[in-house]
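K.L.:
The letter at position 131 of the sequence shown is residue 131 when you use UniProt numbering, and the numbering goes up by one with no holes.
It is worth saying that the hints were derived from the structure and are not from the lab. There may be inaccurate statements among the hints.
Said to hold, decoys possible - In silico BS3-like pairs for lysine-lysine, Cα to Cα no more than 25 Å straight-line:
1) 35 / 81
2) 46 / 62
3) 81 / 121
4) 21 / 35
What the hints assert, rightly or not - FRET-style restraints, in silico, Cβ to Cβ:
5) 64 / 123: 49 to 55 Å
6) 68 / 39: 22 to 28 Å
7) 125 / 95: 25 to 31 Å
8) 130 / 77: 26 to 32 Å
9) 20 / 74: 36 to 42 Å
10) 70 / 32: 19 to 25 Å
11) 82 / 123: 42 to 48 Å
12) 39 / 113: 21 to 27 Å
13) 49 / 24: 53 to 59 Å
Just so you know, these numbers come straight off a predicted model, no measurement behind them. Think of the CB as a built atom: it goes at the ideal place given N, C-alpha and C, for glycine as much as any other residue.
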Amino acid sequence: MARIAGIELNDNWKVGYALTKIKGIGWQSSRGIIKSINLDDMKRVKELTAEDLSKISSQIEKYLTEGELLRFVRSNIQRLKTISAYRGIRHTRGLPTRGQRTRRNARTKRGKRKTVGAFKKEILSKMQTQKDK
């Protein structure tokens, strides 16, 4: 298994696909990297030489990847929160930030449903008997 940018890439994957497993490198970026070092995009990771791996690593250093990318995104969200921007407030409250409706959906962001208010008579009577004890 080859190791590039701290990520172990499967030997049987094609180089273009394997590079997309690095956070911050998508399909287009990986194709650009392969083209810039004149590498055959049909090559498998196990067929790469040490020289090819070093060229790929040097090209990847030009991109924001892995931890740097996560820190950058996190700092942007933190900045929005500190200046009390609308998007920052939505992040703080755990609601969608890009204009989606929240009245009917947004379950992924808001979490599991919570029942509020109404109790059946049986449950209410059980609760009252427990309070009396």
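K.L.:
State for each hint whether it applies.
P.N.:
Structure-based check of all given hints:
The suggested pairing of residue 35 with residue 81 is violated, with an alpha-carbon distance near 40 Å, which exceeds 25 Å. The suggested pairing of residue 46 with residue 62 holds, with an alpha-carbon distance near 24 Å, which does not exceed 25 Å. Simply put, residue 81 and residue 121 have alpha-carbon atoms about 44 Å apart, too far for the 25 Å limit, and the pair is violated. Straight-line distance between C-alpha atoms of residue 21 and residue 35 comes to about 18 Å, which keeps the hinted pair within the 25 Å bound.
The beta-carbon spacing between residue 64 and residue 123, approximately 53 Å, falls within the hinted interval of 49 to 55 Å. Against the hinted window of 22 to 28 Å, the Cβ-Cβ separation of residue 68 and residue 39 comes to about 24 Å, which satisfies the hint. For residue 125 and residue 95, the hinted distance range of 25 to 31 Å is not satisfied, since their beta carbons lie about 37 Å from each other. A hinted range of 26 to 32 Å is violated for the C-beta pair residue 130 and residue 77, which are about 44 Å apart.
Distance hint for residue 20 and residue 74: a CB-CB separation of about 22 Å, inconsistent with the stated range 36 to 42 Å. Range check, residue 70 to residue 32: about 22 Å between beta-carbon atoms, so the 19 to 25 Å window is met. Checked against the hint of 42 to 48 Å, the pair residue 82 and residue 123 passes, with Cβ atoms roughly 44 Å apart. Between residue 39 and residue 113 the beta carbon distance is about 51 Å. The supplied range of 21 to 27 Å is therefore violated.
Distance hint for residue 49 and residue 24: a CB-CB separation of about 25 Å, inconsistent with the stated range 53 to 59 Å.
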